[in-house]
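> With the hints as extra help, turn the sequences into a complete structure.
Number 61 in this note's numbering belongs to position 60 of the sequence shown; there are no gaps in the numbering.
Hints were generated in silico from the structure; no laboratory data involved. Among the clues, some could well be false.
Claimed, not checked - When the alpha-carbon atoms are kept at most 20 Å apart in a straight line, the in silico SDA-like pairs for lysine to any residue are as follows: (1) Lys158 - Ala220; (2) Lys158 - Leu135; (3) Lys158 - Tyr183; (4) Lys260 - Leu209; (5) Lys158 - Ser124; (6) Lys260 - His51.
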Amino acid sequence: MNEYDVEHVHGIHVVHDGPRQALPLLLIHGSGASGGSWSPMVPALAGHHHVLRVDLPGCGQSPPAASYDVPEQAVHVAAHLDRLGLGPVTVVGHSSGGYVATALAEQRPDLVRSIALISTGPSSDALLPQPLVLRVLLGPPFGPLLWSRRSDAMIRKRIGATAARPVDVPDDVVAEMRGTTYRTFRTVLRRNTEYIAERSVPERLAALDVPVLALFGAADPRWEPSSVHQYDAVPNARVEQLPGVGHLPMLEAPEATSKLLLDFAASPDFSVSAAQP
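So, in structure tokens, the structure goes:
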């Protein structure tokens, strides 16, 4: 990778992989993560697409922002796509990154060709009780103190708590997660909750004319796995589940997840009847 492959514009850090002339595939990470979380899938995706991995404001190598509202984060992403002259693109969001992807389509439908949502909770009622390690690390009174003293092992344990199988977390992902402050992370979580409380993701997508892939791990410990079928109500939606996979398909099952994304991105215009598994 050379400096041509990395940009820092409009408050977001962006890494480019694959040929620039290929169809663009925009990857948006989940809360407190970074573009590096997609690393295991990049080789497969970049063989067919111009892959853009963003660090949302306050995460990874992107600086903090004045607002972490989901629509405002989508504004940052749209500004970068405009600068590059890219669009429409296939947008892929993991977890809350799916909210930013949805907000981008709401604001700028001209920039979005199709949307793939991976482990994106559809509504507040689908949230499961969180693992103990997450409740301790993220909530008062111990959260703020522990956050500043996190070791690499603690960060890996926190990430692994949402997986259904052992995962190999890249060192650069751990390092980039260390840069996200406790205050930023808690604010992002609140803004995400507000976004889906105002209107569920399936409701928002149903109002848009865009093909959708909703992919869940069948053993997701963060969101009720069966809640993926809330997306059945979205016209032009395809729903998929990966057996034995938790909340992190890109780390737990990168090959299977990449294949589903490549198939979807290659043929976004499908009928609902043909898309259902």
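> It remains to establish, for every hint, whether it holds in the given structure.
Going through the hints against the structure:
1. Annotation: proposed proximity of Lys158 to Ala220 holds, straight-line Cα distance about 18 Å (limit 20 Å).
2. With a C-alpha separation of about 9 Å, the suggested pairing of Lys158 with Leu135 holds against the 20 Å cut-off.
3. Our distance criterion of 20 Å between C-alpha atoms is met by Lys158 and Tyr183, whose separation comes to about 17 Å.
4. Of the supplied pair hints, the one linking Lys260 and Leu209 is violated, its CA atoms being roughly 25 Å apart against a limit of 20 Å.
5. Between Lys158 and Ser124 the alpha-carbon distance is near 26 Å, which puts this suggested pair outside the 20 Å criterion.
6. For the hint pairing Lys260 with His51, the CA-to-CA distance comes to about 16 Å; that is within 20 Å, so the pair holds.
Hints 4 and 5 from the list above are not met by this structure, while the remaining hints are.
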